[in-house]
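According to my numbering, the sequence shown is numbered sequentially starting from 122.
A couple of the hints might just be wrong.
[Said to hold, decoys possible] For lysine to aspartate or glutamate, the following EDC-like pairs were computed, each having C-alpha atoms within a straight-line distance of at most 16 Å:
(1) 192 with 217
(2) 323 with 313
(3) 230 with 288
(4) 419 with 383
(5) 230 with 217
(6) 323 with 271
(7) 192 with 153
(8) 192 with 226
[Unchecked claim] Now the in silico label distances, taken between C-beta atoms and shown as ranges:
(9) 176 with 421: 39 to 45 Å
(10) 239 with 272: 29 to 35 Å
(11) 420 with 144: 23 to 29 Å
(12) 239 with 317: 37 to 43 Å
(13) 164 with 304: 41 to 47 Å
None of these hints come from the bench; they were simulated from the model. Quick reminder that beta carbons are idealized off the backbone N, C-alpha and C, glycines included.
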Amino acid sequence: MSVSSSVTIVEVGPRDGLQNEKLTLSPQIRAELINRLAAAGLTRIEAGSFVSPTAVPQMAHTDQTLALVSKQNLRLAVLVPNLRGLADAIAAGAEEIAVFAAASETFSKRNINCSIEQSLERYAAVVAGARRRGVMARGYVSCVLGCPYEGAVDGAAVANVAGALLEMGCFEVSLGDTIGVGAPLQARRLVERVAAVAPLDKIAVHFHDTYGQALANIFACLEAGVRVVDSSVAGLGGCPFAPGAAGNVATEDVVYMLQRMDIETGVSLDRLLAAGAFACAQLNRAPASRVAQAYAAKRRGPADA
Numbered sequence: 122m123s124v125s126s127s128v129t130i131v132e133v134g135p136r137d138g139l140q141n142e143k144l145t146l147s148p149q150i151r152a153e154l155i156n157r158l159a160a161a162g163l164t165r166i167e168a169g170s171f172v173s174p175t176a177v178p179q180m181a182h183t184d185q186t187l188a189l190v191s192k193q194n195l196r197l198a199v200l201v202p203n204l205r206g207l208a209d210a211i212a213a214g215a216e217e218i219a220v221f222a223a224a225s226e227t228f229s230k231r232n233i234n235c236s237i238e239q240s241l242e243r244y245a246a247v248v249a250g251a252r253r254r255g256v257m258a259r260g261y262v263s264c265v266l267g268c269p270y271e272g273a274v275d276g277a278a279v280a281n282v283a284g285a286l287l288e289m290g291c292f293e294v295s296l297g298d299t300i301g302v303g304a305p306l307q308a309r310r311l312v313e314r315v316a317a318v319a320p321l322d323k324i325a326v327h328f329h330d331t332y333g334q335a336l337a338n339i340f341a342c343l344e345a346g347v348r349v350v351d352s353s354v355a356g357l358g359g360c361p362f363a364p365g366a367a368g369n370v371a372t373e374d375v376v377y378m379l380q381r382m383d384i385e386t387g388v389s390l391d392r393l394l395a396a397g398a399f400a401c402a403q404l405n406r407a408p409a410s411r412v413a414q415a416y417a418a419k420r421r422g423p424a425d426a
């Protein structure tokens, strides 16, 4: 199957990235980052989450972040774990939410303290409540290519969870390689397995780059017909429940690859690099993006490289 001429990028840095960084940024700085990402041409951005600030202090005051973001031509999503989170998100004006389920029983119990079946029952109520209020819901499946506790994960389990999320009303399901252990053919076969229960236009992919396979995995999935890719500016993030897991694949690297393949993203790489530099300056860290590193070295010139 040939690759599409355009791909939609879902920017997850302001939520999935920042929640796993050591420093906590203020709602004002998080909003500024989102505005810069939007100015770069990204139209779908995870803005934060409505979870306990005790559990995830990096996401505290997401309601303030939403209030400070310019929402014109922008779809902002927020993670909600339960009905309380949904109520808070709706009160803050959220128009899209996200729910997370795992394909691994052990990961589900360690991460959200319930079984996969129990999590799906909980999310069914959340998604139904969101839809009654005109709020869109996106579903995520964690550990689709491997679990830090169980090892290999059965593709049938992934397909079952993905199908359940779509059946309860999620408009799209994102398949997450949470610990970044997948390889291209494995990733493509998983997409083909899930496509047996879900239309390809409802499947997105979400890769971590622990073993340096994320871009290759994305390409393999694009060849299989996927048209939506999650990524995180500057490669921010990781997974606190998966020791050693690197951050999400960097948005700069994804955009560079797609542009070199003449695939339209609508994203300005220069503005995206500037947004990544802004985020890293606030976090006192270097970007994990290889493209950002290469551009920085190019600007320094051969004498300084």
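Hint check:
no.	hint	in the structure
1	192 with 217	12 Å, holds
2	323 with 313	13 Å, holds
3	230 with 288	23 Å, violated
4	419 with 383	23 Å, violated
5	230 with 217	26 Å, violated
6	323 with 271	27 Å, violated
7	192 with 153	12 Å, holds
8	192 with 226	37 Å, violated
9	176 with 421: 39 to 45 Å	41 Å, holds
10	239 with 272: 29 to 35 Å	23 Å, violated
11	420 with 144: 23 to 29 Å	25 Å, holds
12	239 with 317: 37 to 43 Å	25 Å, violated
13	164 with 304: 41 to 47 Å	30 Å, violated
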